[in-house]
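With UniProt numbering as the guide, the letters of the sequence shown map in order to residues 1 to 93.
Quick caveat, the hints were computed from the structure, so don't treat them as lab data.
All the given hints hold, so there is nothing to weed out.
Pairs of lysine to aspartate or glutamate residues, derived as EDC-like cross-links and limited to a Cα-Cα distance of at most 16 angstroms, are as follows:
1) K53 <-> D68
2) K53 <-> E71
3) K61 <-> E47
Computed Cβ-Cβ distance ranges for the label pairs, DEER-style:
4) S26 <-> K61: 43 to 51 angstroms
5) L33 <-> Q58: 34 to 42 angstroms
6) F7 <-> T67: 26 to 34 angstroms
Glycine included, every Cβ here is placed at the ideal spot set by N, Cα and C.
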Amino acid sequence: MEEANAFMPEFIADYNARFAKAPRNSHDAHRPLRPDENLDLIFTWREPRCVSKSLTIQYDKMLYLLTDTPEHRKLAGSDRGSQGGFNRSSQHL
1 MEEANAFMPE
11 FIADYNARFA
21 KAPRNSHDAH
31 RPLRPDENLD
41 LIFTWREPRC
51 VSKSLTIQYD
61 KMLYLLTDTP
71 EHRKLAGSDR
81 GSQGGFNRSS
91 QHL
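Turn these sequences into a full structure, and let the hints guide you.
Pasting the structure below:
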């Protein structure tokens with residue numbers, strides 16, 4: 001990792017020398033964020049998942065096993081309700 005980090009400045013300079021282009025318009029259209037704007041929420045795709053007692057979640061027909069940690073154990077709950085919601089005792093990610 002240290003070697004990769006040491007190589008980054010050289011890589012970035014080379015990459016920019018080969019591919020960088022000046023903009024057609026030099027006007028900077030960026031604006032400050034409003035207090036109610038949170039980039040972590042804006043750029044995050046969130047889909048609730050039920051964590052099973054065996055610490056698994058399912059997404060896109062794939063089953064994922066969470067590492068067995070106290071934090072993940074706290075999330076473990078029961079199965080989803082038949083209506084697509086969560087049972088009272090269920091926890092979701």
